[in-house]
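Engineer: One letter stands for each residue in the lines below.
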Amino acid sequence: MVGWAIALHGGAGDIPIDLPENRRIPREIALRHCLDIGVAALKSGKPPLDVAELVVRELENHPDFNAGKGSVLTTEGTVEMEASIMDGKSKRCGAVSGLTTVVNPISLARLVMEKTPHIYLAFDAAEAFARAHGVETVESSHFITPENIARLNQAKEFNRVQLDYTAPTPKEPENCGDSQIGTVGCVAVDSAGNLASATSTGGYVNKMVGRIGDTPVIGAGTYANHLCAVSATGKGEEIIRGTVARDVAALMEFKGLSLAEAAAYAVDQSGPRGTCGLVAVSANGEVAMPFNTTGMFRACATEDGYNEVAIWPKN
Amino acid sequence: MVGWAIALHGGGGDIQLDYPDELRIPREIALRHCLDVGVSAFKSGKPPLDVVELVVRELENQPVFNAGKGSVLTAECTIEMEASIMDGKTKRCGAVSGLNTVVNPISLARLVMEKTPHVYLAFNAAEAFARAHGVETVETSHLITPENIQRLKQAKEFNRVQLDYTSPGPKAQGYHGESQTGTVGCVAVDSAGNLASATSTGGYVNKMAGRIGDSPIIGAGTYANHLCAVSATGQGEDIIRGTVARDVAALMEYKGLSLTEAAAYVIDQSVPKGSCGFIAVSANGEVTMPFNTNGMFRACATEDGYTEIGIWPKNQNH
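Chains as they are written, first to last, in my numbering: chain A, 396 to 710; chain B, 28 to 345.
It is worth saying that the hints were derived from the structure and are not from the lab. Watch out, some of these pointers could steer you wrong.
Unchecked claim - Below are the PhoX-like pairs computed for lysine-lysine, each with C-alpha atoms no more than 20 Å apart in a straight line:
id	chain 1	residue 1	chain 2	residue 2
1	A	Lys-486	B	Lys-300
2	A	Lys-551	B	Lys-142
3	A	Lys-650	B	Lys-282
This is chain A alone, in the form it adopts within the complex (with noise of 0.2 Å):
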């Protein structure tokens, strides 16, 4: 019989090797974090579509993740948050975007996936549906956090997103490279292999406001289903056009291909060097994690004791 297995991720992006300390260590430490509590979510029997949830819940509360409290703001310094989940046995899903006052989104997409006869709620509907249901709201003021207002200065004085992506972009002061990070992400399987993904993000720092990324696009940022369970953190715009979470498992059901040569496969043909990474994990209690970018937050386990939070490729 396999274990359970869990992954998750705080994000791909150009994360420079130099990250300073006192940016990387809190990051390593949210991992660690909320690997514990999706690892104690699993071994105390909770289903996979609850763990995926939960770890995505303390990820956005997580301010040093661009999800929930800490999204990246728009062109014009608004939040708009987004977020899908897929439970694998039965395919359902939910997703939401174009929310400002809700404080977990991924559970306003579950919400959305159980209590609606829909798949996709989003912008001023969304936002009414969470008050129609009581979900827990506040002012759009408590998910902006200093960093992400630099971020956009910075962003906006460069015009990072207008800029050709194969141009190299010249490092602004005190860049830290990791303003293109976005996304959080998790998948876990049980023993008995059912499957679940949850993704969430605050978008594209400087994006129009209104634009719509991969996250809350099932195929494309999440996908699950009886074979493996995706989560993907990038540009949002090649995992679109790549529809790479639902890439994965169609190699694995179509080609054959295993979870590691299905995941590497999905992130190679996703785009150019710099494009996306994912987080996944298989019916059989397998785990991958590739990038094409520089780094990828990211922490995942095992139930044979196995476990790992890192941040640039293993050598």
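Starting from the known structure of chain A, arrange chain B on it as the hints suggest.
Structural biologist: Relative to the frame of chain A, chain B by itself:
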């Protein structure tokens, strides 16, 4: 050398065989008209991306189909239109949701693709983007038809959206079963194998305001790559779960299936019966238009002169 091919749809759903002439004939005429527009565009050398946009604009302008003018109404009696477009060669794509005044959502989706660094814009911001680019807008009331006000009333009366889809809904007086048809779409390929797909819809009768379906979701309602182009219609939630449009291409790419085999697989395996139909063309100029619903308003043409307009399965068309 393989020729060009084009296919388009005006929605798949529970279209009963006793569909009255006064509803059927205008739709067949509209399908023929839109097919002719697409064929002329090909003959005049327009690239597939232009062709699919052009044809979907025509379908949006037809009040009998659920997109643009003639869009179905939300539970709050409003219109919320969405669309997406994808170019197979480059895999560039554009999508919009939550529009209520834009006359041609598919063209706004294309504008997102071509004029922004993003793929998908929605709701107020998408409307503002339209105005900023001088895109044609009208009062929402211009897009609403009496038939759709009627459909909403019937749906509210029977809480149709809340029904378990496996149980038959009671038939309302004058209900012709096609209110679940949604979406229009077009796929096209030129003789060089360049592919494109476009899909547009008013969504689901009586849907919750703010509900997004499959039409603007790349990989669900729309997809195109170097192998094929696909546009789906039916129950949006099932199409999202089944990643329908992407799966057709993935089966060709990863399992080596032909277009027809891949399409048949997806219709059978990826979605529940009665939930979905789609149109697809391959780089080789093949066309397929499968559906597991009672009917799907559809048309296609290939360069060798073949054309087809249909609603029901081939052995049941009038």
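Engineer: If a hint holds in the structure, say so; if it doesn't, say that too.
Structural biologist: For each hint, the structure was consulted:
As the CA atoms of Lys-486(A) and Lys-300(B) are separated by approximately 16 Å, the hinted pair is consistent with the 20 Å bound. Among the hinted pairs, Lys-551(A) with Lys-142(B) is consistent with the structure: their alpha-carbon atoms are about 18 Å apart, no more than 20 Å. For the proposed pair Lys-650(A) and Lys-282(B), the alpha carbon gap of about 6 Å is at most 20 Å, so the pair holds.
When the structure is compared with the earlier hints, no violation turns up for any of them.
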